[in-house]
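Participant: Chain residues, written in single-letter form:
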Amino acid sequence: MKNSLGPNKRVVGTVAVLGAVALMVTGCTRAATDGGAGTGSGSTSTAAAASPGITDTTLSLGISSPLSGPTAGPGSCSVAGLDSYLEAQNAAGGFEFGDGKTREVTLTYLDDTYDPAKAVSNYKQLVNDGIFAYVGALGTPTNAAIMPLANKDEVPQVLLITGASAFSKDQASNPWTFGLLPTYYTEGNTFGKLLADAGKPITVAVLSQNDDFGKDYVAGLNDAIKGTDVKVVDSATYEPTDTTLDSQVTQLANSKADVLLSAVSVTPLQVGVLTKAQSLGWLPRIFLPSNTSTPGTVVEPGGGAAYPAVYSTSLTKVPASPTFAEDEDVKAYNAAFEAYGSKIASVFTPHCAWSYAEGAILGEAFKGMEEPTRDSFMTALKSIKGFDAPLLLDGISVDTTQDDQPAISGLTLVQYNGKGYAPAAAY
Amino acid sequence: MAYTIQLIVEGFATGSIYGALALAIVLVNRSTGLINFAQGSMGVLSTFVAFGLIQLGVPLLVAMLAAFVFAFLLGAGVERFVVRRFERGDPDTAVVVTIGLFVFIAGIAALLFGYEPRQFPSLFPPQSINIAGVFVSMRSVGTIIVLIAVMILLQLLFRFTKLGLAMRAVADNPQSAGLSGLPVSRLLMIGWGLAAVLGAIAGVLVAPQLFISPTMLDFALVYALAAAILGGLDSPVGAVVAGWFIGIVENLAGAYVDVIGDDLKIAVPFIFMLIILIVRPQGLFGRKVTVRI
Amino acid sequence: MKAFLARPIVRIILAVVIAVVIIVAPITSSPYVNYQLSIIAVFAVALLGLNIVMGYTGQVSLGQSAFLGLGAYIAAYGVRMEWPIVLTFLLCCVIPAAVGLLVALAAARLRGLALAMVTIALPIIGVPLAKRFPDFTGGSQGTSVSFLEAPDWSGLADDQWRYYIVVAIAVVLFLLGRNLVRGRIGRAFAIVKSNEAVALSMGISPYRYKVLAFTVASLFGGAAGFLYIAVVQYTSPETLSFATSINLIAAMVIGGSASILGTILGAIYFVVLPIAAGQIDASRTALISGAVLLAVLFLLPGGLVSLPRRIVQLTSGAKRRGGSTPANQTPTGGTAPDGTAPDGTAPGNTAESAAQKQPK
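Protein chains in written order, with my numbering: chain A, 1 to 427; chain B, 428 to 720; chain C, 721 to 1080.
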């Protein structure tokens, strides 16, 4: 060939290059302990051995949520609301900690496209980069994949944006994990109680998602109506990837039930359910889950006014609603979101409000943190009671002391009144 | 009985969505011999153009026409500048290029409009008409009619016009077509442009129901691919009929066969497809391909 | 360059250096790096299966993720039932292979794209099926299992032990695969890929070899599933998703189809790209991934494995005058019709280039 180096020199050259590669690969020095694999920048506190990710002036949090794909709207909001709260507080001087220091709290966020394998990879990356805690991630299978790892690594995996009860139910086995939101079971149960309290025979049709979200809902409903005259006469399931639920609605309409529990978590599909049922001449009372009940995007396009009653559960104030225009917390949220969160999420979903409240809960926990350690953080986080986080509706407060409940377990049953939601009347 | 007819009618409507996209896939395949995984994304981006214009106050029909023009230019441009390089080479590479486009174009739509589904106005009034106990929405009827019209127009184009003949010639044998003086490059671009317009039509028909979002047509694409192949990859009529078939069979199986139920009803079209393709490998309406060795 | 690499002393040194790097890497790397290296090995095995059926034999398979998921579920079940690990691993190879065999027997007679559609059906049907049997699969919640903990006598940490086991199995599978594609069967695959009529005339049954290729691919997919759950320790219906199949195909082509080295490069791409995209801008991963994919294919239509060849082409193209015969331009490994050559290889050449071609 045309090269001018002799064959021996080529051999030496190749070996040298490969040797250099080998050195680079092995150059990542191994952390002494395998637990919190910090890169050395974490523990600089001179007091009790600090956990990774916290210094005298900073604390770093990590989150992996779907930022692209069909669930990216809620996923982006799970980051945006939290980021808004954190950045706004940082700009106002930082967070006060129980050990007397004031720190700036930073958030690193990654996209897992709702894929559990990617979520695991992101979690490991965040831990490797030295986060203090993993917070507020959205998604059920993604968090389920991380749960055993976080508990083994003793990394807090807290205030998760999912209603699956699996995360909060068994805090004895998974002490480092629990959720933020009331469970789907609680939602279904709350609806069921309204029906049971009516004290008369009611027929119910159920439309639910074919996974634990749907199953939890139905279980909650069933437990509330057990032994009463309320009966489920027909049920159907759907996949989130379905293009339409028309055939399920047609099937359920055949039952002519009085009430429809439409546990549908996909906005366009929920609108389709509302339009289809009335087009078939079936006008039951309808229950909508909290995340597909927004008047502007679901109830109005679906023609919700045609139904005798549209119920839902609600947790937070809607920042864009004129009802809350004068509310101090809402004003603060809007300013913070405008400045920080709008870069991350372009459209509002309730998750933006939920994650903002989550930021405040973290702030509460920091106030109670007497040592710069993860243990102290978890203790403080699990001792919050009666905290009225911003944006939570009146009457709902944060209580993390319950061993098998998420941080917020209260729900208000509300009813659509043509413009928005108001507390529901009896059946 | 009314229930069954209701399910069938709904199957027609859902199947029309698959059929519209399948038409686009067939068109691309007929003109350039490729399967375009980005068909849905291109349709969605064009629909977003209409959406953006509507936000700015442009009337619906004008916005849609603008979207179709955009779609044509997008399709032609993509063929000329991106896909052309790969058309003669390894078909796997060409398919992966369309996969890359699929992801990239969806990313652009997301960059401009975000991922959250938004409402899109419908061409057709929202009412339903009641025919002998069966409720048919105007939107479904409208979708089916538009689809049939487009299908007929495409058949006429391919069978009876010079352009159609030229496009078929280029698809069959680009070298001979070029040697005969046909403007091969332009014809390829037209083929992709038209297909993109079809995708945009599918997009605007479907957006009122599905809510427009970058991933709106992702799942429909899989069904559309199935319909295109089942119908015979070179037959517009076949694509649409296969789309209807899939929609109807899925509904009936889901409602009436308990073992299948709602979750496995998607399996049914594929099983049928397997059986039909074993018996008739060229698809329901495809031409039998004989290869001279 | 080829001549240089063919010299035995060079090969031995290369092999030793690579072996040293592979063996030493986890000792000093962080658990995170070891995790990523292990995941690369997992997907390299899955990609090898895909490459065997798609790159080498030319049959489009959009269902490789279904076999990956099936293998993962079998492994999870086996671990939960406390079966011996070796038995579980064998089942993870055998059961998906059997499923692949059945599917191929039915579908291999179909023309290319029809076969592709049947393979699409696998993940599409697989996901709801996985949700249907929660006792076996854990339903939509998925299932977590942890095994392959480092034994005390080794003195290693869990992640290091897992890395060694996974990489060892992957290396063995790769050697088996390499021998397969380089041997008589591999040559038959290549002929079936290029021209089925020619294959028939040579007494090679395209149907039989397609079935074989598909079965082998499913076997590798299932084995990769076992390795997957060993490393990730969690599986759910999402593992079977259609999107994963599509990403695998993209990674295969980007790495370089019909090439062993290309398979490894493809696996690296598959794992590293999302991480890199996330570092650039976590909210724009789709845009970045799509752009990178298109850029790579534009610059290197033959895949990453063709990079050296491309550099040689570009640099020597400047120096070369006319007069070189087409034989000089035959690629040294990798796909036959290279996307960059519009004149392509005429059908008559494929038989000889198939025989000449040395799949890496």
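Check before you lean on any hint, since a few could be wrong.
To be verified - Sample of chain A residues at the chain B side, in silico, Cβ under 10 Å: (1) G73; (2) A196; (3) N254.
Stated by the list, open to error - What the simulated footprint calls covered on chain B by chain C, stretch by stretch (three residues with Cβ under 8 Å from a Cβ of chain C suffice, anywhere in the stretch; the number is not a length): (4) 477 to 486; (5) 499 to 507; (6) 599 to 605; (7) 668 to 682; (8) 695 to 706.
Stated by the list, open to error - Taking beta-carbon pairs under 7 Å as the criterion, some of the chain B residues facing chain C (in silico): (9) D519; (10) T520; (11) V523; (12) L538.
Keep in mind that the hints were calculated from the coordinates and are not lab data. Glycine included, every Cβ here is placed at the ideal spot set by N, Cα and C.
Participant: Now look at each hint and say whether the structure bears it out.
Facilitator: Status of each hint after checking the structure:
The beta carbon of G73(A) comes within 3 Å of a beta carbon in chain B, closer than 10 Å, and the hint placing it at the interface holds. Evaluation of the A196(A) hint against chain B yields a violated restraint, the C-beta minimum of about 27 Å exceeding 10 Å. Taken as an interface hint, N254(A) checks out: its beta carbon lies about 6 Å from the nearest beta carbon of chain B, inside 10 Å. Beta-carbon proximity to chain C at under 8 Å applies to 0 residues in the region 477 to 486 of chain B; the threshold of 3 is not reached and the given coverage is violated.
Beta-carbon proximity to chain C at under 8 Å applies to 0 residues in the region 499 to 507 of chain B; the threshold of 3 is not reached and the given coverage is violated. Proximity of the region 599 to 605 of chain B to chain C, defined as three or more residues with a beta carbon under 8 Å from a beta carbon of that chain, is not established by the 0 residues found. Taking a C-beta to C-beta cut-off of 8 Å, the region 668 to 682 of chain B contributes 0 residues in contact with chain C, too few for the three needed, and the coverage statement is violated. For the region 695 to 706 of chain B, the proposed coverage by chain C is satisfied: 6 residues have a C-beta within less than 8 Å of a C-beta in that chain, meeting the threshold of three.
Because the closest C-beta pair between D519(B) and chain C is about 6 Å apart, less than 7 Å, the hint holds. For T520(B), the shortest C-beta to C-beta distance to chain C is roughly 5 Å, which falls under 7 Å, so the interface hint holds. Among the interface hints, the one on V523(B) holds; its C-beta lies about 4 Å from the nearest C-beta in chain C, closer than the 7 Å criterion. For L538(B), the interface hint holds, since its Cβ comes within 7 Å of a Cβ in chain C; the closest pair sits about 6 Å apart.
Of the numbered hints stated above, those contradicted by the structure are hints 2, 4, 5, 6, 7, listed in ascending order.
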